[in-house]
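**Q** Listed below, chain by chain, are the residues.
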Amino acid sequence: MIGTFFMLEFLDSITGLPSLVGAANALTALGEWIVDNRALLIPPAFGFVALYLLLPRELRTWRPVGIAFGVVALGVLGFLFGSPATSLSGVLFYLFAGVAVAAAAATVTFPNPIYSALSFALVTLSVSGLFVLRGAMFLAATTVIIYAGAIVVTFLFIIMLSRHPGNAPYDRHAREPFLASLAAFLLLSVLLFTLVDWRQGFVPLPPSLDPYPHSRVLKDEPSPLRGLGRTFFSDYLYIVELAGTLLLVAGVGAVAIAPRRVRMQTKPPTDN
Amino acid sequence: MTSDLLGYLIVGSVLFALGALGFLTRRNVIVAFLSAEMMLLGVTLNLVAFSYEHSDYQGQAFTAIVLTVAACEAALALALVSALYRMRRTLDLTAWHELGEPEPEAPPPPVEEEAPQPPQHFPRLTPAGKPPQTAPLEVPQPLETSSHV
Chain P
2 MIGTFFMLEF LDSITGLPSL VGAANALTAL GEWIVDNRAL LIPPAFGFVA LYLLLPRELR
62 TWRPVGIAFG VVALGVLGFL FGSPATSLSG VLFYLFAGVA VAAAAATVTF PNPIYSALSF
122 ALVTLSVSGL FVLRGAMFLA ATTVIIYAGA IVVTFLFIIM LSRHPGNAPY DRHAREPFLA
182 SLAAFLLLSV LLFTLVDWRQ GFVPLPPSLD PYPHSRVLKD EPSPLRGLGR TFFSDYLYIV
242 ELAGTLLLVA GVGAVAIAPR RVRMQTKPPT DN
Chain B
1094 MTSDLLGYLI VGSVLFALGA LGFLTRRNVI VAFLSAEMML LGVTLNLVAF SYEHSDYQGQ
1154 AFTAIVLTVA ACEAALALAL VSALYRMRRT LDLTAWHELG EPEPEAPPPP VEEEAPQPPQ
1214 HFPRLTPAGK PPQTAPLEVP QPLETSSHV
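Protein chains in written order, with this note's numbering: chain P, 2 to 273; chain B, 1094 to 1242.
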């Protein structure tokens, strides 16, 4: 290590390039940082390898290896950040979270688009379960209805109407699997580091400055649905009306954009 | 930050990262759109977790609006995908890589006029069932005989 440093200094004095030593310093600092934070970098790194192996390509024999890498990544993540499940809600959280993440990976990596859509429905159901665990029953029901009930069914019809026998060539190969997996790895690492480094507590807003005074959960809240209704019709009334207008505009736009059915022209009789 | 909240935020982050990966990578329009919806699911999970943490309904209200926007987006995406499929008969994203119009072709070089050729008669194929068109026969005129009856 020190010998390399002196050799680089000697080379710099000869060639007059000051950037070699700086680059070597940066690389050693990066290596030390990686070694220091290796615990937090293991889940994204294993996830990167897992996704790179699982993305649809011609090499089908690496899929079990990719699945193994993914399971190890999730296990390390749960070990680092999770607390042992002591109550029913803890067990349910791990169940829903595991199914959500596994189904999300399946949505992204299945070559067959119908399996992708069905996995997405499974993600939606798991996330709805997580919503229920956090007291958002109305949102859980709405999410299931809109996502799994409307969006997935509509797109299953679209996929059915435009099927290739077997898998289409654009489904069998993913675009740039290495670069995309690297981008996802970097994104997840940044998010995890942000979450871990966040050590300050929340600063609660004083009630006099609260712009939405009716949105707090009351002490004797009869049910979360009543509280949400109170919020919608007092603090968020304008936004709810805007959402309704947005739905109207989107409906009109969808009808305008969608192709009309072509009328069949009657052929003129041929002269024989 | 409690361990429960951290767990929910991490699941939201993983869903978002996987959705981003799928949106960037997959060539099927439908799967790319489903990945975009998965990103929205990750964000709504974050919102609901924070709403529970702060004992506030604002996160849930925002999530309901996000669901509304997602439904509108799905309707418009469906219309667009139908229109695009009509044109190219494929669900491949790479078919629409070049959105510009094709370059205008250079005008062909002017062709030198050739010497006018004598009109040529080419044999013509006959439609089925019709007698063939042949050159007009030279019917020998009957000789004028004196003994015509």
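These are calculated hints, taken from the structure and not from any lab test. Hints are supplied without guarantee of correctness; some may be wrong.
Quick partial rundown of chain B residues pointing at chain P, CB under 7 Å, derived from the structure [said to hold, decoys possible]:
hint	residue
1	THR1095
2	LEU1098
3	ARG1120
4	ALA1125
5	LEU1127
6	ALA1129
7	MET1132
8	VAL1136
9	ASN1139
10	PHE1143
11	THR1161
12	LEU1169
13	LEU1218
14	ALA1221
15	PRO1225
16	PRO1229
Some chain B residues flagged as far from chain P (calculated, every beta-carbon gap over 10 Å) [claimed, not checked]:
hint	residue
17	GLY1100
18	ASP1149
19	LEU1186
20	LEU1192
The structure displayed is predicted, hence computed values, not measured ones. All C-beta atoms in this analysis are idealised placements derived from N, C-alpha and C, irrespective of residue type, glycine included.
**Q** Run every hint past the structure and note whether it holds.
**A** These are the hints, each one checked on the structure:
Given the 7 Å rule on beta carbons, the hint for THR1095(B) is violated: about 9 Å separates it from the nearest Cβ of chain P. At about 10 Å, the closest approach between the beta carbon of LEU1098(B) and any beta carbon in chain P exceeds 7 Å, and the interface hint on this residue is violated. The criterion of a C-beta within 7 Å of any C-beta in chain P is met by ARG1120(B), whose closest approach is roughly 4 Å, and the hint holds. The interface hint given for ALA1125(B) is violated, since its Cβ lies 10 Å from the closest Cβ of chain P, which is over the 7 Å cut-off.
The closest approach between the C-beta of LEU1127(B) and any C-beta of chain P is roughly 5 Å, which is under the 7 Å cut-off, so the hint is satisfied. Taking 7 Å as the C-beta contact cut-off toward chain P, the hint placing ALA1129(B) at the interface is violated, the least distance being around 11 Å. Among the interface hints, the one on MET1132(B) is violated; its C-beta lies about 10 Å from the nearest C-beta in chain P, farther than the 7 Å criterion. At about 11 Å, the closest approach between the beta carbon of VAL1136(B) and any beta carbon in chain P exceeds 7 Å, and the interface hint on this residue is violated.
With a least beta-carbon distance of about 10 Å to chain P, the hint placing ASN1139(B) at the interface is violated under the 7 Å criterion. With 7 Å as the threshold, the beta carbon of PHE1143(B) stays out of range of chain P, its nearest partner Cβ sitting at about 9 Å, so the hint is violated. Hint status for THR1161(B) relative to chain P: holds, with the closest Cβ pair at about 4 Å, below 7 Å. Look at LEU1169(B): its Cβ gets to within about 5 Å of chain P, closer than 7 Å, so that hint holds up.
At a threshold of 7 Å, the smallest CB-CB gap from LEU1218(B) to chain P is about 16 Å, leaving the interface hint violated. Contact between ALA1221(B) and chain P, as hinted, is not supported at the beta carbon level, the nearest pair being about 10 Å apart and thus beyond 7 Å. Checking PRO1225(B) against chain P by beta carbon gives a least distance of about 17 Å; that is not within 7 Å, so the hint is violated. For PRO1229(B), the interface hint is violated, the least distance from its beta-carbon to any beta-carbon of chain P being 24 Å, above 7 Å.
Look at GLY1100(B): its CB is around 6 Å from the nearest CB on chain P, not clear of 10 Å, so calling it non-interface is violated. The Cβ of ASP1149(B) does not lie farther than 10 Å from every Cβ of chain P; its closest approach is about 6 Å, which violates its non-interface assignment. For LEU1186(B), the non-interface assignment is contradicted: its Cβ lies about 8 Å from the closest Cβ of chain P, within the 10 Å cut-off. At roughly 16 Å from the closest C-beta of chain P, the C-beta of LEU1192(B) stays outside 10 Å, upholding its exclusion from the interface.
Hints 1, 2, 4, 6, 7, 8, 9, 10, 13, 14, 15, 16, 17, 18, 19 from the earlier list are contradicted by this structure; the remaining hints agree with it.
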